[in-house]
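Heads up: the sequence lines are chains A and B, in that order.
Using my numbering, the first residue of the first sequence is number -8, and each one after it goes up by one.
Using my numbering, the first residue of the second sequence is number -8, and each one after it goes up by one.
It is worth saying that the hints were derived from the structure and are not from the lab.
Even glycine gets a Cβ: it sits at the ideal position worked out from N, Cα and C.
One or more of the hints may lead you astray.
[Claimed, not checked] Chain A regions said to be covered by chain B (calculated; three or more residues, Cβ under 8 Å):
{"#": "1", "stretch": "21 to 31"}
{"#": "2", "stretch": "241 to 250"}
[Unchecked claim] Below 30 Å or equal to it, Euclidean Cα-Cα: the simulated DSBU-like pairs (lysine-lysine) are:
{"#": "3", "chain 1": "B", "residue 1": "Lys136", "chain 2": "B", "residue 2": "Lys169"}
{"#": "4", "chain 1": "A", "residue 1": "Lys169", "chain 2": "B", "residue 2": "Lys321"}
{"#": "5", "chain 1": "B", "residue 1": "Lys214", "chain 2": "B", "residue 2": "Lys136"}
{"#": "6", "chain 1": "A", "residue 1": "Lys169", "chain 2": "A", "residue 2": "Lys214"}
{"#": "7", "chain 1": "A", "residue 1": "Lys321", "chain 2": "B", "residue 2": "Lys136"}
{"#": "8", "chain 1": "B", "residue 1": "Lys530", "chain 2": "B", "residue 2": "Lys463"}
{"#": "9", "chain 1": "B", "residue 1": "Lys214", "chain 2": "A", "residue 2": "Lys321"}
{"#": "10", "chain 1": "A", "residue 1": "Lys136", "chain 2": "A", "residue 2": "Lys169"}
{"#": "11", "chain 1": "A", "residue 1": "Lys463", "chain 2": "A", "residue 2": "Lys530"}
{"#": "12", "chain 1": "B", "residue 1": "Lys321", "chain 2": "A", "residue 2": "Lys214"}
{"#": "13", "chain 1": "B", "residue 1": "Lys214", "chain 2": "B", "residue 2": "Lys169"}
[Said to hold, decoys possible] Okay, the calculated bits of chain B under chain A, using three or more residues with CB under 8 Å as the criterion:
{"#": "14", "stretch": "409 to 418"}
{"#": "15", "stretch": "528 to 542"}
Next come the chains, spelled out residue by residue.
2 protein chains.
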Amino acid sequence: MTFQAPVRDIMFNIEHLSAWQEVSDLPAYQGIDQADVQAALEGFGRFCDEVIAPLAAEGDETGSHFDGQRVVMPAAHVEAFRQYQEMGWQTLAHPGEFGGMGLPRAAGAAATEMLNAADLSFGLCPLLTDGAIEALLLNGSDSQKDQYLEQLISGNWSGTMNLTEPQAGSDLGRVRSKAEPQADGTYAVSGTKIFITYGEHDLTENIIHLVLARTPDAPAGPKGLSLFIVPRYLLDADGNPGQRNAVNCVSIEHKLGVRASPTAVLEYDGATGFMVGEENRGLEYMFVMMRAARFAVGLQGVAVAERAYQHAVAYARERVQSRPVDGSSKDAATIIQHPDVRRMLMKMRALTEGGRALAMATAGFLDIAHHGTDAREATAMAEFLVPLVKGFCTERAVETASLGVQVHGGMGFIEETGVAQFYRDARILPIYEGTTAIQANDLLGRQVMRDGGETARRFAGMIADTAAELRKGSAAAQGIADGLDAARLAFEDSLAWMLETARQNPNAAFAGSVPFLMLTGNLAAGWQLGRSALAAEAKLQQGEDAGFMTQKIATALFFAQHILAECSTEKTRIVSGSASVLDAGFDI
Amino acid sequence: MTFQAPVRDIMFNIEHLSAWQEVSDLPAYQGIDQADVQAALEGFGRFCDEVIAPLAAEGDETGSHFDGQRVVMPAAHVEAFRQYQEMGWQTLAHPGEFGGMGLPRAAGAAATEMLNAADLSFGLCPLLTDGAIEALLLNGSDSQKDQYLEQLISGNWSGTMNLTEPQAGSDLGRVRSKAEPQADGTYAVSGTKIFITYGEHDLTENIIHLVLARTPDAPAGPKGLSLFIVPRYLLDADGNPGQRNAVNCVSIEHKLGVRASPTAVLEYDGATGFMVGEENRGLEYMFVMMRAARFAVGLQGVAVAERAYQHAVAYARERVQSRPVDGSSKDAATIIQHPDVRRMLMKMRALTEGGRALAMATAGFLDIAHHGTDAREATAMAEFLVPLVKGFCTERAVETASLGVQVHGGMGFIEETGVAQFYRDARILPIYEGTTAIQANDLLGRQVMRDGGETARRFAGMIADTAAELRKGSAAAQGIADGLDAARLAFEDSLAWMLETARQNPNAAFAGSVPFLMLTGNLAAGWQLGRSALAAEAKLQQGEDAGFMTQKIATALFFAQHILAECSTEKTRIVSGSASVLDAGFDI
């Protein structure tokens, strides 16, 4: 089954949801217009469809292998990565100053989604490299930028994030790796890092590890971590990979999914490292990189959902089974005609497009936060939305991939059909880069409590405005407004309860943190689909692309009636359900 | 991680939910008391814990293999199956007349759950044999019973169900296999059957295939199917396996889960078959067998959920990560102390125990339906509940297994941890023996519409009675009553809408059939947990086993607040969401 990058829908999202006008007026994006973005995404979409998507099943079957010293990638991946480098796709959303195309974040998000839809395992290498680029752009010294950025942006080298240790997963304060200062200003980094995605591979001529470790006199806990660049090969005088550094792959994991992506245990044994920024500020820098990575992992969720949806629709159009339930024919029908199959497909589509809409709107806020002149509100909104992109899109990806298996019936359980892989691959997404609970803690603790609910109320206010606009539209638009208003009220009630409860009884508040994240994620995605419907109704009136626009409205209405309807349940869980979480024992 | 069969909770369910008094008074079960059941289940529980559970991971890794002629099972499975036969565990819930222990269905259900929790792949062989036994008990001739039942009940031979063909999955009317009558009264059966669980293996000395096929003059469609016994080895004059029959395994599937269980493609090439019952009534007979099999697959759902829950609780007790959110300690805590981990564990437990309670209550109705003197109401209730057991428990098993991975964080994604297997294994459960949509069609079309909602209203009435009882109890009991009443009202509204809609607009009704099944399943399981809470409160007053009883009540309350709360969402989907399912197009 072939994959087709959803460029049409992505461009609709960029045009109508990503604050395109405001973003493209920013000094950082002068001279870039929508046609540039569309041309780049169409080209990259073709590459994803034709070169990457066909590798996914084979990469899953073959996997990456560790021969005791090196990690050997599937041969087809090596060749595809060579083409990816040659065509310069890593450069897409990075600054022109270091050789990038310099497109806005929404375009970068679109590229991340398309590549990961084609193959999550392949997409992880560029995704981590993007994160390393982001970290160096923000916190690297000028000479570090000169040494590493062009090679990373060209895709010649790849980047990694080295946070986790056996005793330090979600809790980075427990990191033990050491960094001893050397006479030449470098550091000798020692320790064991686990779960390092693309920590070792043969796709690029160098790998730039970004590593959290402690200097000898650093305070205990999270405020004693510094960030280090540890290249696999130290650079020679010309800036080329030279001497092998003292970092070695010990093993790679045998995983449920993303099997072509090597997940390494790395041993640092006095490896030469270069401090990034200031001592003891590593976690702070890492947070910036993590925010970018969390956003990207949310896009991976949209990606795998899109891939699963395309597969399911194609199968449902072909598979003939059982007569229509309405007795309209004595012959068996294609299963796409059966109401419950339509329901499953619509749920998959609504969750996919809702996730994409949320992510694209967030990309707009991120760009304004980053490059705008008065960025306070945009920054707060971007920080509010990122845990939703990560939490909502990845949880929904697991659900969507599972529905994709269900649409296939017994064939879905056979590995050769290909959809079981999406179900396996998707399962890591709500875990890595911070579990859903960690996202929910970020949302509740940092984005809601810290400003006393100000950003959350602004968010609700914008949604009320969108609903008011929708009320002026068609019957479908009014149906969407009904769903949005009911969900917003559930959110406001839950928010009030959280603000009241969190300080006096934090356990009760955090017992509802994930339901609160899911409620808010539903609402945020439904809101953006409401904005899509407004844009689509305007386009319809102009007589533009009626088929596409009608379906955008239908998807938004389905989301309002089937997904936003969950918000009342989440509210009940939050405001009435904390004691039954906390009081239970676990002794039977 | 070891498994411990939950005999304590199972006995509580048998005693309080399975209509034990009425069932044990049935003539079929004269002389059997609870102590007999408990002794049998404790013995079998130990066998599951010690012999079967340790095989699951290895069986998954090794898988079953087809060498071109025979299917080779993992060696450890062969040895364990020999012990299973020797100890006579297949006999547990089958009639004494053919060598069975003759225990009631609730005990049989408990055994099915425990064995499948230990290893779903292993459990499938006995499960299919149980189905074949059921079919022959009900519809076999006396000589067929004499020839096959003792050997099947002893576990010496195994049974299979041969329904599906490449063009006939859910829609058995499309079955094409042929059965040509022969001069000696036998039939020559030809055709290809796919997805045949344990269709070929080396665990038993014979395999008794039950096969749907058409006689030459049979009418087209589902009313032209007859049922045939096709033994792998024809019986000789002494009733022992003799000449090889013309049925051959062509291949086995490469599957997402249950990998030690061979799923065969069988080629029948004029194989000798013996008709069961009357010509053209095969589907009717198969339905009886399918009802038993659907009930058993629902139990597989409870089983894998229990296994996943035990793993998750054990990990959460050991894994130390992050400080408590309430600031009560500066040290990192075991993750079971974190509110969201408790929420996930409670959700797993509530879904597992709710499914078990529903299944055990259904077992009681099934026994009364089968052996009682005035069985009309019990039969209708059993038929109403079976699609819920299958649909609800299997969908929830996927969710519970997925939560089990989440509790483990990154370790959950590593295959060696063992919990990814449950996530893979569980995924077949909402598909085989009729997908969730097929269960929902059965519920809505046969169990609700056919009697104009009479059984459904009786079901709601019994729930109202339970809620009224709960209102006389503790604060927790009253909280459970609140949840039950709200969910029952959502059910009654949805039922009224369905009864009004289904005839005039079947597509609209069936667009909500799975939400209706999930609403009803939630309510049925919550009801049975409400009955558990009533029983537990009574026991508490008698001072019996306070720890266990308190936790039963806590689980019921959690279910009421976190799971029953979903019923309002399902109602919205049903009564307001059908047009947005049906009107959507799939052209973008």
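So, going through the hints one by one against the coordinates:
1. 21 to 31: violated (count 0)
2. 241 to 250: It holds, with 5 qualifying residues against the three required.
3. Lys136/B to Lys169/B: 24 Å, holds
4. Lys169/A to Lys321/B: With Cα atoms ~23 Å apart, Lys169/A and Lys321/B stay inside 30 Å; holds.
5. Lys214/B to Lys136/B: 25 Å, holds
6. Lys169/A to Lys214/A: 14 Å, holds
7. Lys321/A to Lys136/B: 39 Å, violated
8. Lys530/B to Lys463/B: 15 Å, holds
9. Lys214/B to Lys321/A: 14 Å, holds
10. Lys136/A to Lys169/A: Since the Cα atoms of Lys136/A and Lys169/A sit roughly 24 Å apart, the hinted pair holds (cutoff 30 Å).
11. Lys463/A to Lys530/A: The hint holds at about 15 Å.
12. Lys321/B to Lys214/A: 15 Å, holds
13. Lys214/B to Lys169/B: 14 Å, holds
14. 409 to 418: holds (count 4)
15. 528 to 542: holds (count 4)
Of the numbered hints listed earlier, those contradicted by the structure are 1, 7.
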